[in-house]
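**Q** If you want the building blocks of each chain, they are given just below.
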Amino acid sequence: MKKTKGKLLMSAAEIDLALARMAAEIVEKLGSRDEFAIIGIRRRGVVLAQRLCSKLEAILKRPIPTGILDITLYRDDLTTAGNRPLLRETLIDFDINNLSLVLVDDVLYTGRTIRSALDGLVDLGRPKRVQLAVLIDRGLRELPIQADYVGKHLDTTEDETVEVRLNEEDREERVVLFSKSV
Amino acid sequence: MASLSHKDLLGIEQLSIEDINLILDTAEALREVAARPVKKVPTLRGKTVVNLFFEPSTRTRSSFELAEKRLSADILNFASTTSSVSKGETLLDTAHNLESMAPDIIVIRHQSAGAPHLLGRECRSSIVNAGDGMHEHPTQALLDALTVRTVKGRLDGLKIAIIGDISHSRVARSDTLLFHKMGAEVWVCGPPTLIPWDFDRLGARITGCMDEAIDGADVIMMLRLQHERQNEAFIPSTREYYNFYGLTRERMRRAKKDTIVMHPGPLNRGVEIDSDVADADYSVILNQVANGVATRMAVLYLLSGYAGLKVKKTSR
Chain W
0 MKKTKGKLLM SAAEIDLALA RMAAEIVEKL GSRDEFAIIG IRRRGVVLAQ
50 RLCSKLEAIL KRPIPTGILD ITLYRDDLTT AGNRPLLRET LIDFDINNLS
100 LVLVDDVLYT GRTIRSALDG LVDLGRPKRV QLAVLIDRGL RELPIQADYV
150 GKHLDTTEDE TVEVRLNEED REERVVLFSK SV
Chain Z
22 MASLSHKDLL GIEQLSIEDI NLILDTAEAL REVAARPVKK VPTLRGKTVV
72 NLFFEPSTRT RSSFELAEKR LSADILNFAS TTSSVSKGET LLDTAHNLES
122 MAPDIIVIRH QSAGAPHLLG RECRSSIVNA GDGMHEHPTQ ALLDALTVRT
172 VKGRLDGLKI AIIGDISHSR VARSDTLLFH KMGAEVWVCG PPTLIPWDFD
222 RLGARITGCM DEAIDGADVI MMLRLQHERQ NEAFIPSTRE YYNFYGLTRE
272 RMRRAKKDTI VMHPGPLNRG VEIDSDVADA DYSVILNQVA NGVATRMAVL
322 YLLSGYAGLK VKKTSR
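Those sequence lines, one after another, are chains W and Z.
Residue numbers are given in this note's numbering: position 94 of the first sequence equals residue 93, and the series is strictly consecutive.
Here this note's numbering runs 21 ahead of the position in the second sequence, where the first position is 1.
Source of the hints: derived by calculation from the structure; they are not laboratory data.
From a predicted model like this one, the values you see are computed outputs, not experimental measurements.
Hints may contain errors.
[Unchecked claim] Think about it this way: if two alpha-carbon atoms lie no more than 27 Å apart in a straight line, the pair counts; the simulated DSSO-like pairs of lysine-lysine are:
1. W:K127 x Z:K61
2. W:K28 x W:K60
3. Z:K278 x Z:K180
4. W:K60 x W:K127
5. W:K127 x Z:K60
6. Z:K173 x Z:K278
[To be verified] Derived CB-CB ranges, DEER-like:
7. W:D33 x Z:S296: 47 to 57 Å
8. W:R170 x Z:S296: 51 to 61 Å
9. W:E24 x Z:S26: 44 to 54 Å
10. W:L7 x Z:S121: 53 to 63 Å
11. W:S53 x Z:M122: 47 to 57 Å
12. W:S53 x Z:D297: 44 to 54 Å
13. W:R140 x Z:L87: 30 to 40 Å
Every residue gets a Cβ at the ideal spot worked out from N, C-alpha and C, and that includes glycine.
Isolated chain W, as found in the complex (with noise of 0.2 Å):
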């Protein structure tokens, strides 16, 4: 298979105008009520959540503790044979026991990285409630999994790509989909 060229669905202030209304929508949420705090799932998750976090301290003038998942551990598939997916450090020091957690990440696909996600923040401790922030919900779950706060929400088929590309992680900024020809 050959990927095509591939089509813009988010320019960089477009992403940076759907983060800006998710940190409203946590704002909304959870500012007043709760300590909260953000953790980021590797690799992209991470930097997004680092921009969340500046947004939601500039509306609510306090610190926000955020976190780094990496939920290589707790994958579905590490029981098949074959090469070992890199491991990388979760580092989150602070107690997550009684607080709400929003997890972060760039794209909901089939759920199996949040199902993962939540299996390890489980053995970190027990959070009073965990919210999920993704900024492209692409549809096709494979798990009863959804998030509290989408960027953009889009159609797509098993034959498509959807690529977040950010300035941080790959020195440009912008969401793509690829379409598979066969």
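Please arrange chain Z on chain W, whose structure you already have, making use of the hints.
**A** Chain Z only, in chain W's frame:
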């Protein structure tokens, strides 16, 4: 995606620099698990690991066992004293019997050099060498490297002095191979009776003078006198050994300011190392133990990708 270039971890000799860095990076990421309230991850759920120990071992065996448990593997422990080995079964028969129980990884310690290599050729499971005779002890060298890298931030360009009973030490062999491979300057030091004359082939410089070894060293690695492997008198007395090759406070005063002291354990206080030195701030001996669990978790994690793969048998 990442993977080792081998089905087994038999020694440092076979590993590439990329392999070593991959293991160390993975171990570094896994250290965090020990700091959690629930010190367990489901990564090796459903995998079976056999610990096959033909030699007495407390430290290495418990370190492996803890690593396996923290990764949720199922464990089978065999000790030679309580198994059919004491009834005359050969190593190969033991291996074939174990193999028919379909384990994914076999961790083996054996008094004969090359025993893990034999198993590696005969078994479908991944083999981890936990010490074979006076040959290699790769996970110890890897945890030593992790400890040094964590404190010093690098391995290349460091001067590493390994002091003591070099002849009988598989740790000295694996450490020398690893640190040399990673660009460090390795010195081995001890009484001439306890240093193989051709040790420089592994990349080490040899000296009989402890002050020369310590001078400017970034890392001082002390080894134990292995009484259990010595049938002959290699040294006149432990008292004399202490005078010439014991790491004393006096000697540490002449060492570099930021040098660190390591020891694979068990310590013989007052023989190769002074109590004051072993317990001082510059001693990272207990960090080594903590890093041991993370390093073994990393090795098991990386090798578990091979379990179930059809691996071509290498020729003899």
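**Q** Each hint needs a verdict: does it hold in this structure or not?
**A** Hints and how they fare:
1. W:K127 x Z:K61: Between K127 of chain W and K61 of chain Z the Cα gap is close to 22 Å, so the pair holds against 27 Å.
2. W:K28 x W:K60: Holds. K28 of chain W to K60 of chain W sits at ~17 Å (cutoff 27 Å).
3. Z:K278 x Z:K180: Holds: K278 of chain Z and K180 of chain Z sit about 14 Å apart, inside 27 Å.
4. W:K60 x W:K127: Holds, at roughly 23 Å.
5. W:K127 x Z:K60: holds (21 Å)
6. Z:K173 x Z:K278: holds (13 Å)
7. W:D33 x Z:S296: 47 to 57 Å: The hinted range 47 to 57 Å holds for D33 of chain W and S296 of chain Z, with Cβ atoms some 52 Å apart.
8. W:R170 x Z:S296: 51 to 61 Å: Holds, since R170 of chain W and S296 of chain Z (Cβ atoms, about 55 Å apart) stay within the stated range.
9. W:E24 x Z:S26: 44 to 54 Å: holds (48 Å)
10. W:L7 x Z:S121: 53 to 63 Å: holds (58 Å)
11. W:S53 x Z:M122: 47 to 57 Å: With Cβ atoms ~55 Å apart, the hint holds.
12. W:S53 x Z:D297: 44 to 54 Å: Given about 50 Å between the Cβ atoms, the range holds.
13. W:R140 x Z:L87: 30 to 40 Å: Check passed, 38 Å falls within 30 to 40 Å.
Checked against the numbered hints given earlier, the structure satisfies every one of them.
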